[in-house]
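Protein sequence lines, in the order shown, are assigned to chains A and B.
Numbering of the first sequence is given in this note's numbering, commencing with residue 1 and proceeding in unit increments.
Numbering of the second sequence is given in this note's numbering, commencing with residue 1 and proceeding in unit increments.
Worth flagging that the hints you see were computed from the coordinates, not collected in a lab.
There's no promise every hint is true.
What the hints assert, rightly or not - When the alpha-carbon atoms are kept at most 25 Å apart in a straight line, the in silico PhoX-like pairs for lysine-lysine are as follows: (1) A:K234 x B:K128; (2) A:K820 x A:K300; (3) A:K234 x B:K120; (4) B:K123 x A:K231; (5) B:K198 x B:K320; (6) B:K76 x A:K63; (7) A:K231 x B:K120; (8) B:K123 x B:K77; (9) A:K231 x B:K119; (10) A:K63 x B:K77; (11) B:K69 x B:K320; (12) B:K24 x B:K69; (13) B:K69 x A:K63; (14) B:K128 x A:K231; (15) A:K234 x B:K123.
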Amino acid sequence: MGSMFRSEEVALVQLFLPTAAAYTCVSQLGELGLVEFRDLNASVSAFQRRFVMDVRRCEELEKTFTFLQEEVWRAGLALSPPEGALPAPPPRDLLRIQEETDRLAQELRDVRGNQQTLRAQLHQLQLHEAVLGQGHCPPLVATDTDGSSERTPLLQDPRGPHQDLRVNFVAGAVEPHKAAALERLLWRACRGFLIASFRETEQPLQDPVTGEPATWMTFLISYWGEQIGQKILKITNCFHCHVFPFEEQEEARHAALQQLQQQSHELLEVLGETERFLSQVLGRVQRLLPPWQVQIHKMKAVYLALNQCSVSATHKCLIAEAWCAARDLPALQQALQDSSSEAGVSAVVHRIPCRDMPPTLVRTNRFTASFQGIVDAYGVGRYQEVNPAPYTVVTFPFLFAVMFGDVGHGLLMFLFALAMVLAENRPAVKAAQNEIWRTFFGGRYLLLLMGLFSVYTGFIYNECFSRATVIFRSGWNVSAMVDQSGWSDEFLAQHPLLTLDPNVSGVFRGPYPFGIDPVWSLAVNHLSFLNSFKMKMSVILGVTHMAFGVVLGVFNHLHFRQPYRLLLETLPELVFLLGLFGYLVFLVFYKWLCYTPASAASAPSILIHFINMFLFSQSPTNRPLFTGQELVQSALVVLALAMVPVLLLGTPLFLFRQHRRRSRKRPTGRQLDEDQTGLLDSSNASEAAWGSDEEKVGCPGPEEEAEFVPSEVFMHQAIHTIEFCLGCISNTASYLRLWALSLAHAQLSEVLWAMVMRTGLRMGNKIGVMAVVLVPIFAAFAVLTVAILLVMEGLSAFLHALRLHWVEFQNKFYSGTGYKLSPFSFAVEE
Amino acid sequence: MLEGAELYFNVDHGYLEGLVRGCKAGLLTERDYVNLVQCETLEDLKIHLQTTDYGNFLANQTNPLTVSKIDTEMRKKLCSEFEYFRNHSLEPLSTFFTYMTCSYMIDNVILLMNGALQKKSVKEILVKCHPLGRFTEMEAVNIAETPSDLFNAVLIETPLAPFFQDCMSENILDELNIELLRNKLYKSYLEAFYKFCKNHGDVTAEIMCPILEFEADRRAFIITLNSFGTELSKEDRETLFPTCGKLHPEGLRLLAQAEDFEQMKRVAEHYGVYKPLFEAVGDGSGGKTLEDVFYEHEVQMNVLAFNRQFHYGVFYAYTKLKEQEMRNIVWIAECISQRHRTKINNYIPIL
Chain A
1 MGSMFRSEEV
11 ALVQLFLPTA
21 AAYTCVSQLG
31 ELGLVEFRDL
41 NASVSAFQRR
51 FVMDVRRCEE
61 LEKTFTFLQE
71 EVWRAGLALS
81 PPEGALPAPP
91 PRDLLRIQEE
101 TDRLAQELRD
111 VRGNQQTLRA
121 QLHQLQLHEA
131 VLGQGHCPPL
141 VATDTDGSSE
151 RTPLLQDPRG
161 PHQDLRVNFV
171 AGAVEPHKAA
181 ALERLLWRAC
191 RGFLIASFRE
201 TEQPLQDPVT
211 GEPATWMTFL
221 ISYWGEQIGQ
231 KILKITNCFH
241 CHVFPFEEQE
251 EARHAALQQL
261 QQQSHELLEV
271 LGETERFLSQ
281 VLGRVQRLLP
291 PWQVQIHKMK
301 AVYLALNQCS
311 VSATHKCLIA
321 EAWCAARDLP
331 ALQQALQDSS
341 SEAGVSAVVH
351 RIPCRDMPPT
361 LVRTNRFTAS
371 FQGIVDAYGV
381 GRYQEVNPAP
391 YTVVTFPFLF
401 AVMFGDVGHG
411 LLMFLFALAM
421 VLAENRPAVK
431 AAQNEIWRTF
441 FGGRYLLLLM
451 GLFSVYTGFI
461 YNECFSRATV
471 IFRSGWNVSA
481 MVDQSGWSDE
491 FLAQHPLLTL
501 DPNVSGVFRG
511 PYPFGIDPVW
521 SLAVNHLSFL
531 NSFKMKMSVI
541 LGVTHMAFGV
551 VLGVFNHLHF
561 RQPYRLLLET
571 LPELVFLLGL
581 FGYLVFLVFY
591 KWLCYTPASA
601 ASAPSILIHF
611 INMFLFSQSP
621 TNRPLFTGQE
631 LVQSALVVLA
641 LAMVPVLLLG
651 TPLFLFRQHR
661 RRSRKRPTGR
671 QLDEDQTGLL
681 DSSNASEAAW
691 GSDEEKVGCP
701 GPEEEAEFVP
711 SEVFMHQAIH
721 TIEFCLGCIS
731 NTASYLRLWA
741 LSLAHAQLSE
751 VLWAMVMRTG
761 LRMGNKIGVM
771 AVVLVPIFAA
781 FAVLTVAILL
791 VMEGLSAFLH
801 ALRLHWVEFQ
811 NKFYSGTGYK
821 LSPFSFAVEE
Chain B
1 MLEGAELYFN
11 VDHGYLEGLV
21 RGCKAGLLTE
31 RDYVNLVQCE
41 TLEDLKIHLQ
51 TTDYGNFLAN
61 QTNPLTVSKI
71 DTEMRKKLCS
81 EFEYFRNHSL
91 EPLSTFFTYM
101 TCSYMIDNVI
111 LLMNGALQKK
121 SVKEILVKCH
131 PLGRFTEMEA
141 VNIAETPSDL
151 FNAVLIETPL
161 APFFQDCMSE
171 NILDELNIEL
181 LRNKLYKSYL
191 EAFYKFCKNH
201 GDVTAEIMCP
211 ILEFEADRRA
221 FIITLNSFGT
231 ELSKEDRETL
241 FPTCGKLHPE
251 GLRLLAQAED
261 FEQMKRVAEH
271 YGVYKPLFEA
281 VGDGSGGKTL
291 EDVFYEHEVQ
301 MNVLAFNRQF
311 HYGVFYAYTK
321 LKEQEMRNIV
331 WIAECISQRH
341 RTKINNYIPI
351 L
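When you get a sec, could you build the whole thing from the sequences and use the hints?
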């Protein structure tokens, strides 16, 4: 947890990898996932890098893998993920894997090709069978052709040139969706010199390529004349029809059919044999492919990482630059030594100074991950900036619970989260792919705390499914009131509402020990009482939360060695915030503590006082809360307003002066400065004993400080000031959402109870009727409670809590302009 | 279509417009071209193309890689995108898509007929056909001997049928007649497309009409240029000019009379749009060809089409830009494979 408060120290390191061991080193680093490589060849395009050939070979292999994988899938088999640790294979293994893969792919291609040709043959045979089968019963066609050929001579000249014309046949098969177009084209092109009959095949045939069953259309065209015949052939060709010889004699057709059947039987046997062999090959692929895929994937990743390194000509080694957490440096060193020991020359790692902002690294565990996620969703923190996540662990569920306060609802949420937490190690839960489920599951600890806190606030509000519970004795005593007020029976009959007066002795025996007194749930002014309470509570929580945010800024200033900002920024901010709104909080507490029921009638309004405070006026009807109040108020307003110019001009003027002083000193101070930095560098360098010529490449050396532009600094500070001062007002108002949402939640659950459960409970007086009626009523109540009050209201309260953290809390100290450390790692992302 | 297309354009075509704009953003940028030009081999080219929106479209190609393979795969990719647009389109956008395919269909029909004339096998020519202009009856065109045959037997069911009204004749289809047929078909196609866009109104008309006007005029210029020194009579030539361009009517009449490039240039000088184009043409060695100049102008118009919203022109413009990009890549690939690097920069940059 200690590392949660700010991101870890991350160092820029230079790795000198001996060429012989570079590959093993990087692959070891990939297994460990310690470092993030920086691209040293950004200006070099992808295909001019050093290891592009190796990458290309890996890609070739992956292409083959894809082919194998698709073949396996097509056969309806699954590839199981590989088991056990599979390190990236040594480069020489690539050749072996490539050879084996190629052999396997070739084998598979051959077998598959064989299978396809066999299937195609079978398909042809079957189509031919179907066509001939159609020819079995062409009485319709035959009579038609006979009829027309008999009739034509009668109309034209008898015994004319048609005498010796014979009716010829073209028979074949075509895909069904083309049949209509083919028929029309035939008719248009040949103008009725033919008769075509189309028929669907009786049983679907296996498609030779995809293997899926499909019906085909067989056709039989009878025509006159040579030219028409050629035209028909051309047309059928262009539609990619299968045309088969068609014997005119029935017997010949019969014989052909039988022969075909025999052939297809033989073919089927051969095909079965081929398929058995194919499944053997596929089984081999199934066993070998998954490990190879992982290995080659790793190998490619290693080469891509190596492509980011620069080459040193003199040292025969590769130079990589990488970000690494300072804590992991020994592990890094160890890993490099281990993996380069074979090569004889050991890989060297050393830190180099750097001017770029290092990436942010916050280590999380499964509990803190979801809270860190909330913060990161707003923006990844600047390097070593105060991390709001550890505070969010408490404040987020708490602010949520303020809006969601209900013992029953909170308990349901807690139990749901608890179930997820207890089942988190089950593989079935882990492997679930449903996106919504994964969202909930990822935030299970968040939900757990949210539920727990809601139970707590529920007790404070004294609400359980909108019903108040009596745990302790109520502080109000009705019988005392009745005894002393002398209410007559008539008075009681006429007045349905009675007032309990706390000033009558014995009626109010003191505050309820914990939370809201249950007696309030019977009162008609329940709502206005709660409103007053929740409104004040939200302002108090809000001002506390914001002030805490401002105070967290202190740690940033201390850490980044900017003490002037403590005085020029944090202090004015605190004074402004606490002087105005802190005073409001004080007034609230003061009024709570100092006014008893006896003096309640003459209690002044805080609101009027607060408005008058800004107007420097006083209203005669509103008595002061304490003596000297006006003086204190005026002093506070003046003090707060006086802080605005300090905040606006302090930092820019200070920086400006500092800059002027430094630039005046520059001519003399420069030499010294450089000497000092040089010394610093060399002391750093001696630690790690680096080479001489690379240091210039690695670190550009301390450059001039970023140019100081006064107008920019002024502008920036002006924006910050305006945002802060206006923000104090609007953010305080923004915290009133706590009141609004908790009110909405309470009212909604109240309405649900009154409209559903209460009507249900009133429906029947007999036990039997009640029992029957209550089942559906309770079901409706339960469903609506979960759907509306838990899920919908929960989401809205979550959203508002999120906003309060992101906007109202974090803008006081958190810039969130960093970027995450994303180490080079082979591990699969969860 | 009623005025105010922006109110309900998105109901029917919003998805596709968004999609096509996304696709347009995937066109190669100047930086990509600079990198492509530096490639040493086609393999380098392939690796570089993999980093762009083309992705690994060449991944399943067996070695060695050739320019024609790249070309075919690129066309396939464009075609699959286009098919996707077309399958998800509603009227009247789908009619618009049909019109867009017509020009490719005309080219394919003519190609096949020429092939039949030269007794080449259909399969050989089919490879060369543009996939966007494919249709089922396409391969049957070689059974026809006269244009009316062609119309009656083969094309009557295709979208090309209406364009045939002007070219029904019983002439034997020889090489010249086929060329005439192509130009006539193209003329009536352009005019019909122009009319469709004009009637559609709205932004579509505002964008598409200038593009089609330019297309028509370009054809007129090219026909004139190609007819110098052939047996085509001037009257015949005039009948081939599409009449929906800016040149219509005076310019076309003058073009019909033109006898050499200089005269043609003089005609163009009357038009503010074409004058700078003709001036940009370099003479003889070096400089740009007229074709390149026209392409550049077309690219410019197509890019500008993306500045307006709620119209169909983006689909047309995207297809044309993609085609230009493919021509560029093929050009660069050819230069690389033939080791002819001096002219490698003559591609037409897409802005």
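Checked hints:
1. A:K234 x B:K128: Answer holds: A:K234 to B:K128 is near 20 Å, not above 25 Å.
2. A:K820 x A:K300: holds (24 Å)
3. A:K234 x B:K120: holds (14 Å)
4. B:K123 x A:K231: Holds, at about 17 Å.
5. B:K198 x B:K320: OK: B:K198 and B:K320 at ~20 Å, within 25 Å.
6. B:K76 x A:K63: Answer holds: B:K76 to A:K63 is near 20 Å, not above 25 Å.
7. A:K231 x B:K120: Holds, at roughly 17 Å.
8. B:K123 x B:K77: holds (21 Å)
9. A:K231 x B:K119: Roughly 16 Å between the alpha carbons, so the hint for A:K231 and B:K119 holds.
10. A:K63 x B:K77: With Cα atoms ~19 Å apart, A:K63 and B:K77 stay inside 25 Å; holds.
11. B:K69 x B:K320: Answer holds: B:K69 to B:K320 is near 21 Å, not above 25 Å.
12. B:K24 x B:K69: holds (23 Å)
13. B:K69 x A:K63: Answer holds: B:K69 to A:K63 is near 17 Å, not above 25 Å.
14. B:K128 x A:K231: holds (24 Å)
15. A:K234 x B:K123: Since the Cα atoms of A:K234 and B:K123 sit roughly 13 Å apart, the hinted pair holds (cutoff 25 Å).
Of the numbered hints given earlier, the model fails none.
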